[in-house]
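Chains as they are written, first to last, in the numbering used here: chain A, 579 to 1012; chain B, 579 to 1012.
Be careful, since some hints might not be right.
Heads up, the list lumps identical chains together, so a pair's fine if it works in one copy or across two of them.
Claimed, not checked - Once the Cα atoms are required to be at most 27 Å apart in a straight line, the calculated DSS-like pairs of lysine-lysine come out as:
{"hint": "1", "residue 1": "K621", "residue 2": "K767"}
{"hint": "2", "residue 1": "K915", "residue 2": "K733"}
{"hint": "3", "residue 1": "K601", "residue 2": "K731"}
{"hint": "4", "residue 1": "K584", "residue 2": "K701"}
{"hint": "5", "residue 1": "K918", "residue 2": "K584"}
{"hint": "6", "residue 1": "K698", "residue 2": "K839"}
{"hint": "7", "residue 1": "K918", "residue 2": "K733"}
{"hint": "8", "residue 1": "K601", "residue 2": "K839"}
{"hint": "9", "residue 1": "K839", "residue 2": "K584"}
{"hint": "10", "residue 1": "K692", "residue 2": "K990"}
{"hint": "11", "residue 1": "K601", "residue 2": "K698"}
{"hint": "12", "residue 1": "K621", "residue 2": "K601"}
{"hint": "13", "residue 1": "K640", "residue 2": "K918"}
{"hint": "14", "residue 1": "K621", "residue 2": "K926"}
{"hint": "15", "residue 1": "K767", "residue 2": "K733"}
{"hint": "16", "residue 1": "K767", "residue 2": "K821"}
{"hint": "17", "residue 1": "K601", "residue 2": "K733"}
{"hint": "18", "residue 1": "K731", "residue 2": "K621"}
{"hint": "19", "residue 1": "K601", "residue 2": "K926"}
{"hint": "20", "residue 1": "K918", "residue 2": "K601"}
{"hint": "21", "residue 1": "K640", "residue 2": "K767"}
{"hint": "22", "residue 1": "K915", "residue 2": "K1012"}
{"hint": "23", "residue 1": "K767", "residue 2": "K1012"}
{"hint": "24", "residue 1": "K915", "residue 2": "K601"}
{"hint": "25", "residue 1": "K767", "residue 2": "K698"}
Worth flagging that the hints you see were computed from the coordinates, not collected in a lab. Everything numeric in this text was worked out from a predicted model, so none of it was measured.
Next come the chains, spelled out residue by residue.
2 protein chains.
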Amino acid sequence: MRLGEKITVGILGMGVVGTGVAKILLNQSQLLSERTGKNFHLKTVVDLDWERDRGVDLAGVKTTTNFDELVADPEIEIVVETIGGIEPACSMVRQALAAGKHVVTANKALIALKGEALFKEAKGNGVELRFEASVGGGIPIIKSLREGLVANKIKSMYGIINGTSNYILTRMHQEGMGFDAALQEAQAKGFAEADPTLDVGGGDAAHKLTILASLAAGGFVDFNAIPVEGITELTTLDINFAKSFGYVIKLLAIYRSDGEKLDLRVHPTLVPGDHLLAAVNNELNAIFVTGDYVGDTMFYGPGAGQLPTASAIVSDLADLSHLLAAGSEVAVTPRIKPEKKVSLFTIKEIANRFYLRLFTLDQPGILTQIAGALGQYGISISSVVQLETHGAGDYVPIVLLTHEASEQAMFKAIAAIKEFPFVRPDILRLRLFK
Amino acid sequence: MRLGEKITVGILGMGVVGTGVAKILLNQSQLLSERTGKNFHLKTVVDLDWERDRGVDLAGVKTTTNFDELVADPEIEIVVETIGGIEPACSMVRQALAAGKHVVTANKALIALKGEALFKEAKGNGVELRFEASVGGGIPIIKSLREGLVANKIKSMYGIINGTSNYILTRMHQEGMGFDAALQEAQAKGFAEADPTLDVGGGDAAHKLTILASLAAGGFVDFNAIPVEGITELTTLDINFAKSFGYVIKLLAIYRSDGEKLDLRVHPTLVPGDHLLAAVNNELNAIFVTGDYVGDTMFYGPGAGQLPTASAIVSDLADLSHLLAAGSEVAVTPRIKPEKKVSLFTIKEIANRFYLRLFTLDQPGILTQIAGALGQYGISISSVVQLETHGAGDYVPIVLLTHEASEQAMFKAIAAIKEFPFVRPDILRLRLFK
Chain A
579 MRLGEKITVG ILGMGVVGTG VAKILLNQSQ LLSERTGKNF HLKTVVDLDW ERDRGVDLAG
639 VKTTTNFDEL VADPEIEIVV ETIGGIEPAC SMVRQALAAG KHVVTANKAL IALKGEALFK
699 EAKGNGVELR FEASVGGGIP IIKSLREGLV ANKIKSMYGI INGTSNYILT RMHQEGMGFD
759 AALQEAQAKG FAEADPTLDV GGGDAAHKLT ILASLAAGGF VDFNAIPVEG ITELTTLDIN
819 FAKSFGYVIK LLAIYRSDGE KLDLRVHPTL VPGDHLLAAV NNELNAIFVT GDYVGDTMFY
879 GPGAGQLPTA SAIVSDLADL SHLLAAGSEV AVTPRIKPEK KVSLFTIKEI ANRFYLRLFT
939 LDQPGILTQI AGALGQYGIS ISSVVQLETH GAGDYVPIVL LTHEASEQAM FKAIAAIKEF
999 PFVRPDILRL RLFK
Chain B
579 MRLGEKITVG ILGMGVVGTG VAKILLNQSQ LLSERTGKNF HLKTVVDLDW ERDRGVDLAG
639 VKTTTNFDEL VADPEIEIVV ETIGGIEPAC SMVRQALAAG KHVVTANKAL IALKGEALFK
699 EAKGNGVELR FEASVGGGIP IIKSLREGLV ANKIKSMYGI INGTSNYILT RMHQEGMGFD
759 AALQEAQAKG FAEADPTLDV GGGDAAHKLT ILASLAAGGF VDFNAIPVEG ITELTTLDIN
819 FAKSFGYVIK LLAIYRSDGE KLDLRVHPTL VPGDHLLAAV NNELNAIFVT GDYVGDTMFY
879 GPGAGQLPTA SAIVSDLADL SHLLAAGSEV AVTPRIKPEK KVSLFTIKEI ANRFYLRLFT
939 LDQPGILTQI AGALGQYGIS ISSVVQLETH GAGDYVPIVL LTHEASEQAM FKAIAAIKEF
999 PFVRPDILRL RLFK
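The shape of chain A in the complex, shown without the other chains (with noise of 0.2 Å):
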């Protein structure tokens, strides 16, 4: 055992969180080493700008630019990434595999998208790929689905796990604001980047579900597979009829699982007020998790943030450091393994509950019109509520909750329901909790 041995790592990438990953190192070297046994030594850290000031004193660290100081010193057991992106972060971490080195990384992208080539490549080379910072940023969501709960099938997971998302829908609810304002403030305080389609438009989401549905599944979920909607098109007029229903309305990323087949989305969905995942605000994150031994569990806190995700990132050096303790070739058996099989159901197979705001003119019989086109298609409606016009030749807005119904039957009712002249063109549907 190399109790009290030198674990020596390299950081790829000091932006935000790679600098953090360096403050902890750094300054909580006593604590790790007294609860882990080890101690950690950051040799090398690689980044192209050396001019700007990162907050954190590095002297008796190496700083370059060079990436190949990092991958070819043999002292350097462990790498992190924290460049973010797919290139050039791919091609770094396969050579840092290849060079034999245990990487751990924050980057949902690569692997969402490259994780099997990367697990693969790890696997030829006897060492670790480890993320837990992926998903959850400080939460060890990754670590209590692997080991916590590695006794359950997971039945389903519903994760508010895009921060930004949930910093703007938190203030329309809240305050009231409109979207554009909230993504505004959101950007003013660094909840949201200066480009935030990936978060909004529920890509950044979708990365993780795919992350955290290969691991409950344990094979290898295709992430063009999984159907995603972001929150642009809600309105505070919907955000405040869904409150009048009873719900709020979270960017969820979805997995239900039949024991067979997985369902697996992520879109804006009506949570009801009373379920623990409506009282998950502002940038914070949070994934409910049910597992059929367990039964509901929770895990909640901040989905990002530098030093959120260096928590999680030195969580796994800790558990690498006993690792290399051991030897390399007791790496914990991979959860996800490429030779099983995930199937998804197809949105055809899908049923949901759904809300579904239109305008329309002001006219008699609209609502039993619309009703008839929903019943056409077997779709029937639990609640209604349709405000009175504020003029004439306005459009007033009409909101329905409907019983549960096919995801194909909604398509075609909405098709059917454009074609009435007295519809605007801007149909929202979104969908409720089950």
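Based on these hints, arrange chain B on the given structure of chain A.
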């Protein structure tokens, strides 16, 4: 590496939880084998009663009343202790450890009261003693604290970790039930024991807090040094007053650290209605943990029950199977070190905001005199509610919320207030969340 090898397990105590472990090992064996690379073989189960039908098929498992058949069997590598209570569990666990067997237990009283001696015994024999199921049932809180949040000093923890009390408080809050009626309902539903003292008195939560605090602090905490108050004095009046002030009363196990000393307590606490802990209802548990790097996190789930608790025990078995594969000398460094001294704040050093409920005769000037008594000890009032009397000679309730004051000042002020002839002696003093 012993991939695919057999891990032989024995269960000591086939009550509710032990039976749950047998169910998972027997019914979920394929999944466990896929995920861990090991085959768990349940060889021997020990109990005194073999008349009862446990709802699990034990064909192929040796059933015995004789503990020696388990402890003397060299093939058995891991013993699951699910007897509960101190004796005979403690002696048997010691014997199993002394025989070189790893032990997994759900026994919170055992770990809280006998942990130091048992961990020493385990270390001396080169084996592990695991206890994930001892706190929070199926919630992987021990693993999360020990591994997931390894990079963090724990600044605070607020745990709803007694399901019985939380169920009773939820029913009182949501349905307006009295304490006795809610307790009876909890007993009828199997959420409370026939003798509920350990649950509603706070002792069970204090056992669990002892474990959480020892892990977080890295040294053994003395259970007897934790101030404990239960929920038996609470009335619907208090629940409703708290609600009117915007609070929900929860029995909290509290850990607060200033980096040097710990403030540990178990008592009913007024939690702000918009805090996530206020939404943890019925028999569910949650632990709200704040680390210096990760920030705020929360872990939620079933705190008890056959299958959730068994799920946690099996996660310990899976972890141990990886250690066994690597050879016993790679045991993860123990996180609780006997040599680490843990200092607690004395109650005199602790300040809180208080809720004070008292009954007084309806006479002029009473509030002034009470405020005067509080002011004499430096305690100022932030809110007050005094209800009208219902008839001459009746006592009327007065409820006060105070600004922060020392425990000692409040103790003295209450003694002074009790001297007033117009005050009934049953003064209730609660604390506000901070």
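Do the hints match the structure? See the list:
no.	hint	result
1	K621 - K767	neither (33 Å within a copy, 58 Å between copies)
2	K915 - K733	within (19 Å within a copy, 39 Å between copies)
3	K601 - K731	between (37 Å within a copy, 14 Å between copies)
4	K584 - K701	both (24 Å within a copy, 23 Å between copies)
5	K918 - K584	between (37 Å within a copy, 23 Å between copies)
6	K698 - K839	within (24 Å within a copy, 48 Å between copies)
7	K918 - K733	within (18 Å within a copy, 42 Å between copies)
8	K601 - K839	between (43 Å within a copy, 25 Å between copies)
9	K839 - K584	neither (45 Å within a copy, 30 Å between copies)
10	K692 - K990	neither (36 Å within a copy, 66 Å between copies)
11	K601 - K698	neither (31 Å within a copy, 35 Å between copies)
12	K621 - K601	within (13 Å within a copy, 49 Å between copies)
13	K640 - K918	neither (42 Å within a copy, 35 Å between copies)
14	K621 - K926	neither (54 Å within a copy, 47 Å between copies)
15	K767 - K733	between (36 Å within a copy, 25 Å between copies)
16	K767 - K821	within (26 Å within a copy, 33 Å between copies)
17	K601 - K733	between (38 Å within a copy, 18 Å between copies)
18	K731 - K621	between (41 Å within a copy, 24 Å between copies)
19	K601 - K926	neither (49 Å within a copy, 36 Å between copies)
20	K918 - K601	between (39 Å within a copy, 25 Å between copies)
21	K640 - K767	neither (33 Å within a copy, 63 Å between copies)
22	K915 - K1012	neither (29 Å within a copy, 46 Å between copies)
23	K767 - K1012	between (33 Å within a copy, 26 Å between copies)
24	K915 - K601	between (35 Å within a copy, 26 Å between copies)
25	K767 - K698	neither (39 Å within a copy, 50 Å between copies)
When held up to the earlier numbered hints, the structure conflicts with 1, 9, 10, 11, 13, 14, 19, 21, 22, 25 and fits the remainder.
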